[in-house]
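> In terms of this note's numbering, the numbers along the sequence shown are unbroken and rise by one, the last being 475.
Warning: the hint list may mix true and false statements.
[To be verified] No farther apart than 35 Å at their CA atoms in a straight line, the calculated lysine-lysine pairs in the DSBU-like style are these:
1. 250 to 331
2. 346 to 331
3. 261 to 279
4. 452 to 48
5. 177 to 331
6. 346 to 250
[Said to hold, decoys possible] Simulated restraints, written as ranges between beta carbons of each label pair:
7. 86 to 188: 48 to 54 Å
8. 155 to 90: 16 to 22 Å
9. 172 to 83: 39 to 45 Å
10. 328 to 39: 47 to 53 Å
11. 254 to 464: 43 to 49 Å
Worth flagging that the hints you see were computed from the coordinates, not collected in a lab.
Being a predicted model, the structure only gives us computed values, none of them experimental.
The beta-carbon is built from N, C-alpha and C at its ideal position, and this holds for glycine as well.
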Amino acid sequence: MECISVFDMLKIGVGPSSSHTLGPWRAGERWIYELKSDDVFSQIANVKVDLYGSLSLTGKGHATDLASMLGLSGSDPEYIPTDTIDIIIASINNTHKLVLNNERIINFNPETDIVYNKSFLPFHANGMTFTALNDQNEELHQSTFYSIGGGFVVKEERTVDKENKELKKEFPYPIDKAHELLAFCIAENKTISEIVIENERSLRTDEEIDFEFNRIWDTMLECMFIGCHTEGHLPGGLNVRRRAFDMHKKLNIEVPYVCSKEWMQSIRQSEVKFRQILKWVSCFALSVNEVNASLGRVVTAPTNGSAGVIPAVLMYYLVIENHDAGYDEIKQFLLVAGEIGSIFKKGATISAAMGGCQAEIGVSSAMAAAALCELLGGSPEQVMIAAEIAMEHHLGLTCDPIGGLVQIPCIERNSMGAIKAINAAELALETDPKNVKVPLDKVVDTMWETAKDMNTKYKETSEGGLAVRVNLADC
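Please build the complete structure, drawing on both the sequences and the hints.
Written as structure tokens, this is what we have:
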């Protein structure tokens with residue numbers, strides 16, 4: 001098993017998909033590193049990109065082609081000004097030239113140099129191969145990468161695993177399974193977040209941890225703010241109208257504000273009837289995934305397609321449940337969420353191309369439910385129960401995006417996943433652990449078995465379900 005930090009599960013990047021956008025982007029960056037290590041970078045005249053399986057079938061809708069070009073260009077998804085993406089892509093399309101790693105101009109025609117192969121490579125559904133050619137059209141270097149979900153990228157030989165295992169040995173509390181985490185909590189008389197922070201301290205200083213958590217939360221908050229204040233339609237051809245803007249406008253915030261932090265304070269002073277709470281949570285979730293669908297900056301949590309669940313539930317706690325909450329509660333929430341997500345990644349998958357949407361919305365809902373449960377005073381046992389309940393009621397959820405876009409039904413599913421997470425946390429708080437029949441590890445195993453049994457056409461290929469019953473003409 002691999003060592004997974006909370007900051008591996010919560011990564012800042014650009015939408016619309018962690019596996020189909022962020023992963024290929026990072027793969028391009030890693031390949032450039034290989035080219036330089038093998039001393040062939042200076043000889044490259046042209047590059048070919050072959051996409052396989054799910055990356056090919058939904059690549060256009062998920063902007064895999066754009067992400068590949070941006071990765072090869074040397075842009076960083078965490079920091080690139082998102083308003084420059086269209087400029088970079090337009091330049092490549094118009095000139096048929098790409099500035100490799102922002103250093104070397106090479107020939108690159110997206111129409112011919114990005115090849116969509118519908119066949120699946122045996123190792124993983126999301127495969128891609130980069131090939132470098134010299135000015136004689138001779139092959140200089142070729143590498144195949146797999147985007148396995150959540151922005152994680154591996155090669156078949158899994159060269160990073162050895163490093164991960166070495167890091168894991170340094171963890172004071174090495175964890176692969178939920179029952180191992182629970183055993184540490186009981187033995188040390190600590191909460192889950194207290195166990196997880198000790199592991200993180202073996203990788204980073206407290207100052208570095210605080211800096212990263214603040215950066216993650218600021219990105220989440222700004223993403224919600226942007227989504228709630230942006231009107232119009234989403235790109236991609238489905239002509240989907242943004243709903244967060246309209247919903248937010250109808251919620252009638254009376255206290256004026258000028259920035260995201262003032263906005264949060266204004267919401268705290270708004271009406272809190274049950275229907276308004278439902279609308280606020282939905283609004284937060286929708287806003288994030290509308291930004292995601294527009295190639296905006298989001299936090300992968302644990303994927304881009306499910307990026308709205310965790311910020312929506314955390315925002316719910318901050319503006320509804322606890323007006324005095326601040327950074328300490330945000331940090332606690334994210335520590336628990338990240339650890340629960342890593343347990344699912346190790347024991348099953350967080351890739352919709354491997355497991356359907358249960359692997360994305362289901363996992364994010366479980367992460368959020370567990371984190372909320374701890375903030376609301378739940379014991380470590382109850383936190384595990386919250387995660388189990390949330391996933392149990394997402395088992396079998398398919399991934400069948402219309403037009404290959406991360407829009408329908410993906411955006412709404414974040415709203416549903418957030419509401420389920422809150423409900424799961426409340427159910428767990430009212431549950432005596434002695435009466436539980438389904439431990440979290442069992443539901444992780446079940447999710448993985450369900451994933452393996454699921455028909456491929458329901459695994460982010462747009463070859464079944466809503467993706468074929470509803471076509472672009474209907475929209």
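> If a hint holds in the structure, say so; if it doesn't, say that too.
Checked hints:
1. A C-alpha spacing of about 31 Å is found between residue 250 and residue 331, which places the hinted pair at or below 35 Å, so the restraint holds.
2. At roughly 23 Å between alpha-carbon atoms, residue 346 and residue 331 fall within 35 Å of each other, so this suggested pair holds.
3. At most 35 Å may separate the alpha-carbon atoms for a hinted pair to count; residue 261 and residue 279 meet this at roughly 20 Å.
4. Among the hinted pairs, residue 452 with residue 48 is consistent with the structure: their alpha-carbon atoms are about 32 Å apart, no more than 35 Å.
5. For the proposed pair residue 177 and residue 331, the alpha carbon gap of about 22 Å is at most 35 Å, so the pair holds.
6. This hinted pair does not check out: residue 346 and residue 250 have alpha carbons roughly 42 Å apart, beyond 35 Å.
7. In this structure the hint that residue 86 and residue 188 lie 48 to 54 Å apart at CB holds, the actual value being about 51 Å.
8. For residue 155 paired with residue 90, a C-beta distance near 32 Å fails the hint of 16 to 22 Å.
9. For the pair residue 172 and residue 83, the beta carbons lie near 43 Å from each other, so the given range of 39 to 45 Å is met.
10. Look at residue 328 against residue 39: about 49 Å separates their beta carbons, and that is inside 47 to 53 Å.
11. Against the hinted window of 43 to 49 Å, the Cβ-Cβ separation of residue 254 and residue 464 comes to about 47 Å, which satisfies the hint.
Of the numbered hints stated above, those contradicted by the structure are hints 6 and 8, listed in ascending order.
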